[in-house]
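> Listed below are the residues making up each chain.
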Amino acid sequence: MSKKPTIKKTTARKPRTKKADKATSWKRNDGRAFDELRTIKIEIGVLPNADGSAYIEVGRNKILCGVFGPREMHPKHQAKPNEAVLRCRYHMAPFSVDPRRSPAPSRRDQEISMVMRSALEPAVFLERYPRASIDVYVEVIEADGGTRCASINAAAVALVDAGIPMKDLVAACAVGKIEDKLIVDLGEYEDKKGQSDMPIAYMPKLNKVTLLQMDGIMSTDEVEKALNLGIEGCKKVYEVQREALKKKYGIEQPQDKPPKEYQPEEPEEEPKTEEGQQ
Amino acid sequence: MSKSNIVSHLKQKKISEVLSTGKRMDGRGFNDFRELSIKHNVLFKSEGSAEVWLGKTHVMVGVKVGTGTPFEDTPDEGVLMTNAEFTPIANAAWEPGPPKEGSIELARVVDRGLRSAEVLDTSALKIISGKLVQIVYVDLYVLNYDGNLIDACSAGAIAALMGAKKPVYNVVEKEAKLSGEKVPLTVKKKPVAISIIKIGDKLILDPTADEEDVMDCRLTITFDEDGHICTMQKSGSEGLTLDEIKKCINMAQEKAPEIRAKAIGD
Numbered sequence: 001m002s003k004k005p006t007i008k009k010t011t012a013r014k015p016r017t018k019k020a021d022k023a024t025s026w027k028r029n030d031g032r033a034f035d036e037l038r039t040i041k042i043e044i045g046v047l048p049n050a051d052g053s054a055y056i057e058v059g060r061n062k063i064l065c066g067v068f069g070p071r072e073m074h075p076k077h078q079a080k081p082n083e084a085v086l087r088c089r090y091h092m093a094p095f096s097v098d099p100r101r102s103p104a105p106s107r108r109d110q111e112i113s114m115v116m117r118s119a120l121e122p123a124v125f126l127e128r129y130p131r132a133s134i135d136v137y138v139e140v141i142e143a144d145g146g147t148r149c150a151s152i153n154a155a156a157v158a159l160v161d162a163g164i165p166m167k168d169l170v171a172a173c174a175v176g177k178i179e180d181k182l183i184v185d186l187g188e189y190e191d192k193k194g195q196s197d198m199p200i201a202y203m204p205k206l207n208k209v210t211l212l213q214m215d216g217i218m219s220t221d222e223v224e225k226a227l228n229l230g231i232e233g234c235k236k237v238y239e240v241q242r243e244a245l246k247k248k249y250g251i252e253q254p255q256d257k258p259p260k261e262y263q264p265e266e267p268e269e270e271p272k273t274e275e276g277q278q
Numbered sequence: 001m002s003k004s005n006i007v008s009h010l011k012q013k014k015i016s017e018v019l020s021t022g023k024r025m026d027g028r029g030f031n032d033f034r035e036l037s038i039k040h041n042v043l044f045k046s047e048g049s050a051e052v053w054l055g056k057t058h059v060m061v062g063v064k065v066g067t068g069t070p071f072e073d074t075p076d077e078g079v080l081m082t083n084a085e086f087t088p089i090a091n092a093a094w095e096p097g098p099p100k101e102g103s104i105e106l107a108r109v110v111d112r113g114l115r116s117a118e119v120l121d122t123s124a125l126k127i128i129s130g131k132l133v134q135i136v137y138v139d140l141y142v143l144n145y146d147g148n149l150i151d152a153c154s155a156g157a158i159a160a161l162m163g164a165k166k167p168v169y170n171v172v173e174k175e176a177k178l179s180g181e182k183v184p185l186t187v188k189k190k191p192v193a194i195s196i197i198k199i200g201d202k203l204i205l206d207p208t209a210d211e212e213d214v215m216d217c218r219l220t221i222t223f224d225e226d227g228h229i230c231t232m233q234k235s236g237s238e239g240l241t242l243d244e245i246k247k248c249i250n251m252a253q254e255k256a257p258e259i260r261a262k263a264i265g266d
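Protein sequence lines correspond, in order, to chains G and H. So the first sequence is numbered by the working numbering: it starts at 1 and just counts up by one. So the second sequence is numbered by the working numbering: it starts at 1 and just counts up by one.
Derived from the structure by calculation, the hints contain no laboratory data. Virtual Cβ for every residue (Gly too), placed ideally from N, Cα, C. One should not assume that every hint holds.
One side only, chain G facing chain H, incomplete, derived with CB under 8 Å [claimed, not checked]:
no.: 1; residue: S102
no.: 2; residue: Q110
no.: 3; residue: E121
no.: 4; residue: M203
no.: 5; residue: S219
Straight-line alpha carbon distances no greater than 20 Å define the calculated PhoX-like cross-link-like pairs of lysine-lysine that follow [said to hold, decoys possible]:
no.: 6; chain 1: G; residue 1: K192; chain 2: G; residue 2: K62
no.: 7; chain 1: G; residue 1: K80; chain 2: H; residue 2: K100
no.: 8; chain 1: H; residue 1: K11; chain 2: G; residue 2: K76
no.: 9; chain 1: G; residue 1: K167; chain 2: G; residue 2: K246
no.: 10; chain 1: G; residue 1: K192; chain 2: G; residue 2: K205
no.: 11; chain 1: H; residue 1: K177; chain 2: H; residue 2: K64
no.: 12; chain 1: G; residue 1: K167; chain 2: G; residue 2: K235
no.: 13; chain 1: G; residue 1: K62; chain 2: G; residue 2: K76
no.: 14; chain 1: H; residue 1: K131; chain 2: H; residue 2: K100
no.: 15; chain 1: G; residue 1: K225; chain 2: H; residue 2: K182
no.: 16; chain 1: G; residue 1: K167; chain 2: G; residue 2: K41
no.: 17; chain 1: G; residue 1: K80; chain 2: H; residue 2: K11
Chain G with its partners taken away, still in its complex shape:
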């Protein structure tokens, strides 16, 4: 591990898409720069019945996430005696895409549920709640490309909202290639017409990639560049998540000092500089 690994370079393959005719001034179909994210809006605590929840809009994606737990595991035999089980369910509304899709979970849904779980698990102190379950339910209300990343972003803040102790936030962002150019945060058009797509989830403080998938064709060189671009994108998302959490939970600068008797006295209660707080 001491030596930094270098990757053998391979040359890029010819583009898969046939239309390279508009090569004059290259622009993304929605006019964004190659490393520009869509507008992200996160609202926390939107579901009254959930222990934690978040609503995220990424471009035209609209996704709701509810977190329930830690609570008793049902069915009981799925419980683990040494730690909590994080269960994720990614589900798309029948009207979220065109044409209508069946509400039954598809293979894609089940796989996304699984990768979401492995993206979020490393961030949660599961060992604090043996035998319990923490359920993360994601409902995609409207899909516009990049729903799995948006779902992870919403789920991470919803877990925080549920008061579940976490090692770090998880921020996710996709990188892709279209017309031989690397781009960040693919929209639906870019997702469908592009040459490759690589969703990444990243824990900025622990510096770890927790979700990494790719399809399409890329050279090893491009993959390396894409990884770096994606991590930069995740860091931008992370800031948005932090802002959203601050807005909900951040300690406002007190206008006038609170009465002394309400101030915490135990040293461990001192407000430490953690994320979500100031």
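Given the coordinates of chain G, work out where chain H should sit on it, guided by the hints.
Frame of chain G; chain H shown alone:
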């Protein structure tokens, strides 16, 4: 798969202990595969098949060619479908019933590798535009599980597709008729998947079932013969640093040609 079962601390400790000496439980080095043997066209009734042994992991891959309607957005293209089946005979923990995460992931990762690399010329599978196309089904049938199914199945899928033949249809007055002839499927690319698992700070290739039980996470990388990456998939409940990912790409890139040669056979 992954951390589905609770593993005894003793096993976990022993495996990491042995790994820290630079060896593995079965004496292999970190970059060594178990013996991989692939037999081509072992079945009569299927259009193509391959039987894969990777150590004690045993997989049968069958290719069937049927017909069906094309997808609305690709009226002139045939369809390639990959499905994985975890049979209850393969592992004591696998029960009959609807497919679970593990088999869905296996099928989808292998499927993405085949699709991304554009293994088949799907336009050659058209019979009547918008009405009828040939559908190539790749079924991954796990007969014994001892780890590293993705690598075994992806090599097996390529082996089975390369030996597969498709029936030829003649279109007479907008009716498709079987000509009785069979021609080989054209396999344009030969992607193979290589999985690397992380245990502690060690990265190893071709994990056994025991190693998969205690793994922190896995990264599967599919390479085509030009050295391009066509699929990546990380799974398991731990993260990877950027350096670890680069190291994985290196390890997989070095190993892929060897596995591809085995898959293609003679």
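> With the threshold set at 20 Å, check whether the alpha-carbon distance from G:K80 to H:K100 stays at or below it.
holds, 18 Å
> G:Q110 was flagged as interface toward chain H. Is the shortest Cβ-Cβ separation under 8 Å?
holds, 5 Å
> Between G:K80 and H:K11, does the CA-CA distance stay at or below 20 Å?
Given that 20 Å is the threshold and the Cα spacing comes to 18 Å, the pair holds.
> For the pair supplied as a hint, G:K167 and G:K41, confirm whether the alpha-carbon distance does not exceed 20 Å.
Violated: G:K167 and G:K41 sit about 23 Å apart, past 20 Å.
> Given the hinted pair G:K167 and G:K235, is their alpha-carbon gap at most 20 Å?
holds, 16 Å
> Run the distance test for G:K62 versus G:K76: straight-line Cα separation, threshold 20 Å.
violated, 33 Å
> Are G:K225 and H:K182 close enough, with their CA atoms no more than 20 Å apart?
violated, 45 Å
> For the pair supplied as a hint, G:K192 and G:K205, is the alpha-carbon distance within the 20 Å limit?
Not OK: G:K192 and G:K205 at ~33 Å, beyond 20 Å, violated.
> Mind checking the CB of G:M203 against every CB in chain H and telling me if the closest is under 8 Å?
This interface hint holds because 6 Å falls under the 8 Å limit.
> So if I understand the rule, the pair passes when the alpha-carbon distance is 20 Å or less; does H:K177 with H:K64 pass?
Status holds; Cα separation ~18 Å.
> Grab the minimum C-beta distance from G:S102 to chain H and call the hint holds if it beats 8 Å, violated otherwise.
violated, 15 Å
> Taking 20 Å as the top limit, are the C-alpha atoms of G:K167 and G:K246 close enough?
holds, 17 Å
The earlier numbered hints that this structure contradicts are 1, 8, 10, 13, 14, 15 and 16.
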